[in-house]
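Asker: Okay, here's what each chain looks like letter by letter:
Number of protein chains: 2
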Amino acid sequence: MPANHFNLLKTSGSARAGELLTAHGTVPTPAFMPVGSQATVKTLTPDDIKGLGYNMILANTYHLYLRPGIDVIEKMGGLHRFMAWDGAILTDSGGYQVFSLAPLRKISDEGVTFRSHIDGSEHFITPELAVGYQEKLGSDVAMVLDECTAYGDSKEKVQQAMERTHCWAERCLKAHTRKDQALYAIVQGGMFPELRRKSAECLTQLDFPGYAIGGLSVGEPKEIMLAMLGETVVLLPKDKPRYLMGVGSPEDIIQGVARGIDIFDCALPTRVARNGALYTAQGRINIRNAVYKTMDAPLDPDCDCYTCRTFSAAYLSHLFRSGELLSLRLATVHNLRFLNNLMRKIRESILNDTFITFREDYLSGYETTDEETRVEQKRRWLSTRR
Amino acid sequence: MPANHFNLLKTSGSARAGELLTAHGTVPTPAFMPVGSQATVKTLTPDDIKGLGYNMILANTYHLYLRPGIDVIEKMGGLHRFMAWDGAILTDSGGYQVFSLAPLRKISDEGVTFRSHIDGSEHFITPELAVGYQEKLGSDVAMVLDECTAYGDSKEKVQQAMERTHCWAERCLKAHTRKDQALYAIVQGGMFPELRRKSAECLTQLDFPGYAIGGLSVGEPKEIMLAMLGETVVLLPKDKPRYLMGVGSPEDIIQGVARGIDIFDCALPTRVARNGALYTAQGRINIRNAVYKTMDAPLDPDCDCYTCRTFSAAYLSHLFRSGELLSLRLATVHNLRFLNNLMRKIRESILNDTFITFREDYLSGYETTDEETRVEQKRRWLSTRR
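Line order of the protein sequences matches chains A and B. Quick note on numbering: numbering that gives the first Met the number 0 labels position 191 of the first sequence as 190, and the sequence is numbered without any gaps. Quick note on numbering: numbering that gives the first Met the number 0 labels position 69 of the second sequence as 68, and the sequence is numbered without any gaps.
Do not take every clue at face value.
Within a straight-line C-alpha distance of at most 20 Å, the following computed SDA-like cross-link-like pairs (lysine to any residue) qualify [unchecked claim]:
id: 1; chain 1: B; residue 1: K178; chain 2: B; residue 2: H23
id: 2; chain 1: B; residue 1: K49; chain 2: A; residue 2: E121
id: 3; chain 1: B; residue 1: K221; chain 2: B; residue 2: Q254
id: 4; chain 1: A; residue 1: K292; chain 2: A; residue 2: R258
id: 5; chain 1: B; residue 1: K237; chain 2: B; residue 2: Q204
id: 6; chain 1: B; residue 1: K74; chain 2: A; residue 2: R320
id: 7; chain 1: A; residue 1: K178; chain 2: A; residue 2: K41
id: 8; chain 1: B; residue 1: K344; chain 2: B; residue 2: L362
id: 9; chain 1: B; residue 1: K292; chain 2: A; residue 2: D70
id: 10; chain 1: A; residue 1: K74; chain 2: B; residue 2: K344
id: 11; chain 1: A; residue 1: K197; chain 2: A; residue 2: M294
id: 12; chain 1: B; residue 1: K49; chain 2: A; residue 2: G50
id: 13; chain 1: B; residue 1: K292; chain 2: B; residue 2: G275
id: 14; chain 1: B; residue 1: K239; chain 2: B; residue 2: E18
id: 15; chain 1: A; residue 1: K41; chain 2: B; residue 2: L324
id: 16; chain 1: A; residue 1: K49; chain 2: B; residue 2: D47
id: 17; chain 1: B; residue 1: K135; chain 2: A; residue 2: M294
id: 18; chain 1: A; residue 1: K154; chain 2: A; residue 2: I223
id: 19; chain 1: B; residue 1: K292; chain 2: A; residue 2: S36
id: 20; chain 1: A; residue 1: K105; chain 2: A; residue 2: D47
id: 21; chain 1: B; residue 1: K74; chain 2: A; residue 2: A296
id: 22; chain 1: A; residue 1: K49; chain 2: B; residue 2: K221
id: 23; chain 1: B; residue 1: K292; chain 2: A; residue 2: M75
id: 24; chain 1: B; residue 1: K292; chain 2: A; residue 2: I117
id: 25; chain 1: A; residue 1: K41; chain 2: A; residue 2: I117
If you're looking for bench data, these hints aren't it; they were derived computationally from the structure.
Given these sequences and hints, build the entire structure.
Answerer: In structure tokens:
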């Protein structure tokens, strides 16, 4: 059996329960990947991440190329050894980051010239280089280099970028040699159903071992996001894993699973945690609210994370109000554990064929405060427009 | 046997090995206490602190009085429960912090009026209040309220402050009622041997269960610090624990132990860690130096801490250069483990009566880079002068 084989175990409506076999262990799906762009999930050690129940994380080729450099990590025996993580790693190609973080990019069919957001130095990346970097990093799943567009871009512009993304996908596939690493394609097409369908059809002909959906959750209304997702997923092969990039609030994950997504990643759960926004089954709360200053109970009594098992909301409130570093870690632990528990419950409900009920119950009980999701989408959108 | 009994087990020259019995466990001495001013040792959970080998930490009444407030912590069942730490806690009275952190203080025989360094609000503290606050916090060791002076202050000024400190010590002792808490006196007297002796003589007549030495390591040359320490320690009762406040570099700890000190605390080891300055048996190194960018070995191959067991110096260098939060924690873990190992070795050498050799070997092998110790002393001194 090849590394990165995907087993589809059960469906419940369009929702799927499966497992992704990698050279660094089996990942039960649907799965959420914590984001460790710079070879670290912020505030957490590899032991912590394992303890929270995660088997797979995401790292970013763009960040690691700029710092410490791909060659440094290769010399250290690859990314797993460098960051002491023996679970699975998916690396993003750098496509999205070049378009959202790097100023002064020039794009041609050959590749992208961009400036480092760290020191302004100029760099050039091609599909072949993006694959080569990820092979040196030694991630379990690599992503093709794609050209990203923004919400609001014209159909012509989106179509051009999509077509270039298809050419690049083919070049990536040709350049890719590493047998213990899977290379996933990225479906683009912006907010145009016709282009989304075209992109899915075109890329599935290339027979990648997995398919990602890019360019969503970049500022568009949620209905549009879900509609585009629906258009795309139905055209993807059933026996391959499907990865919805950059999506990860509890409610979006549930909606994604309902449409047939297997893998998610998002910096939101860890970023909002560091702002004191914490997930509960009743919705997101902000630990900085005055009510928590004297609350002698865990912030989420239903939660089994270290933070909730050990500390009162009052203590967590104190740490946040005092600007204490431990607050960032305790909040990260909570949100990631909350999401891991959510993924486990989702998976169980699919295996029991009760996902539809689970989804209804969850979303009806979940009061979407959502102002920070919107802020985050706006942030992503603004950075894409730059 | 009363809580906070001290057993002197062995001496080796003037160095002492003992144990401090508290309501929250036994603390082998000589001991270093990590500083957790705001009810948290920065970046670490209580589990981490225990795992590093510590049985006792320091917290600050001044900080906790301002935020979250003594009453909040009392309502949460006291400081141990609030911060989920079941080891011993020593609370500083707030004396030093009022003089080093709070602007616009007015001092009278009755007490000190000061402004919060957080919001500028005005507060008044007396010896009786300082004891009452610490009784509410429920620390295992409380400290008397003292008046602090700065390096360079006139003998007259230092003498006046010392005499007020003595009056306040008596008032603290009278106000103190909690039987499971020990109240320690603080010897002052600045850089004047005669005053140091007078302070030690006066306070030992009051029969406190422990004696601290305050007002050192505030910017004076190291020789003067050690001379003042020597003058003071010999006059303290042999059967009581001796606590050198605010001192904690490896070499200063060894020099303190050599003169008969049992307990130390200092924010320096954790603060310099967060700047990338890490202890090794060969001296302090800075992980930001270029040499570590590609070093495929632990920063200290002799160290058994999680950081050194798990990561290369190159990875730690990457985290620091990338401004990653995990760097602060991994460095803190290393420095605190280094110091805990040092305390263990010191204690063993005293029990084996080989401390003099140990000290010589250690200090000869230890190249004191020391520029940051000096920076830290200057910082403390400057803040005291404000």
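Asker: With reference to the structure, classify each hint as holding or not holding.
Answerer: The hints, checked one at a time:
About 13 Å separates the Cα atoms of K178/B and H23/B, which keeps this hinted pair within 20 Å; it holds. For the proposed pair K49/B and E121/A, the alpha carbon gap of about 48 Å is over 20 Å, so the pair is violated. Note on K221/B and Q254/B: the hinted pairing holds, with a Cα-Cα distance of about 10 Å set against a maximum of 20 Å. Using a Cα cut-off of 20 Å, the hinted pair K292/A and R258/A is violated, with the two alpha carbons roughly 40 Å apart.
Proposed proximity of K237/B and Q204/B is supported: the alpha carbons are some 14 Å apart, at most 20 Å. For the hint pairing K74/B with R320/A, the CA-to-CA distance comes to about 18 Å; that is within 20 Å, so the pair holds. Pair hint K178/A plus K41/A does not hold up; C-alpha atoms about 30 Å apart against a cutoff of 20 Å. Of the supplied pair hints, the one linking K344/B and L362/B holds, its CA atoms being roughly 14 Å apart against a limit of 20 Å.
Taken as a hint, the K292/B and D70/A pair is honoured in the structure, with Cα atoms around 12 Å apart against an allowance of 20 Å. Restraint check for K74/A and K344/B: the C-alpha separation of about 36 Å exceeds 20 Å, so the hint is violated. Proximity of K197/A to M294/A is assessed by CA-CA distance (about 54 Å); at most 20 Å being required, the pair is judged violated. Only pairs whose Cα atoms come within 20 Å are accepted, and K49/B paired with G50/A is accepted, the gap being roughly 18 Å.
Proximity of K292/B to G275/B is assessed by CA-CA distance (about 13 Å); at most 20 Å being required, the pair is judged to hold. A C-alpha spacing of about 11 Å is found between K239/B and E18/B, which places the hinted pair at or below 20 Å, so the restraint holds. Straight-line distance between C-alpha atoms of K41/A and L324/B comes to about 6 Å, which keeps the hinted pair within the 20 Å bound. Straight-line distance between C-alpha atoms of K49/A and D47/B comes to about 17 Å, which keeps the hinted pair within the 20 Å bound.
Our distance criterion of 20 Å between C-alpha atoms is met by K135/B and M294/A, whose separation comes to about 18 Å. Between K154/A and I223/A the alpha-carbon distance is near 15 Å, which keeps this suggested pair within the 20 Å criterion. Proposed proximity of K292/B and S36/A is supported: the alpha carbons are some 18 Å apart, at most 20 Å. Taking the CA atoms of K105/A and D47/A, the gap is near 40 Å; set against the 20 Å cutoff, the hint is violated.
This hinted pair checks out: K74/B and A296/A have alpha carbons roughly 12 Å apart, not beyond 20 Å. The hinted pair formed by K49/A and K221/B fails the criterion: a straight-line CA distance of about 46 Å is larger than 20 Å. Distance restraint check for K292/B and M75/A: the Cα-Cα separation of roughly 11 Å lies within the 20 Å cut-off, and the hinted pair is therefore satisfied. For the proposed pair K292/B and I117/A, the alpha carbon gap of about 17 Å is at most 20 Å, so the pair holds.
Restraint check for K41/A and I117/A: satisfied, since their Cα atoms lie roughly 18 Å apart, inside the 20 Å limit.
Violated hints, listed in ascending order, are 2, 4, 7, 10, 11, 20, 22; each of the other numbered hints is respected by the structure.
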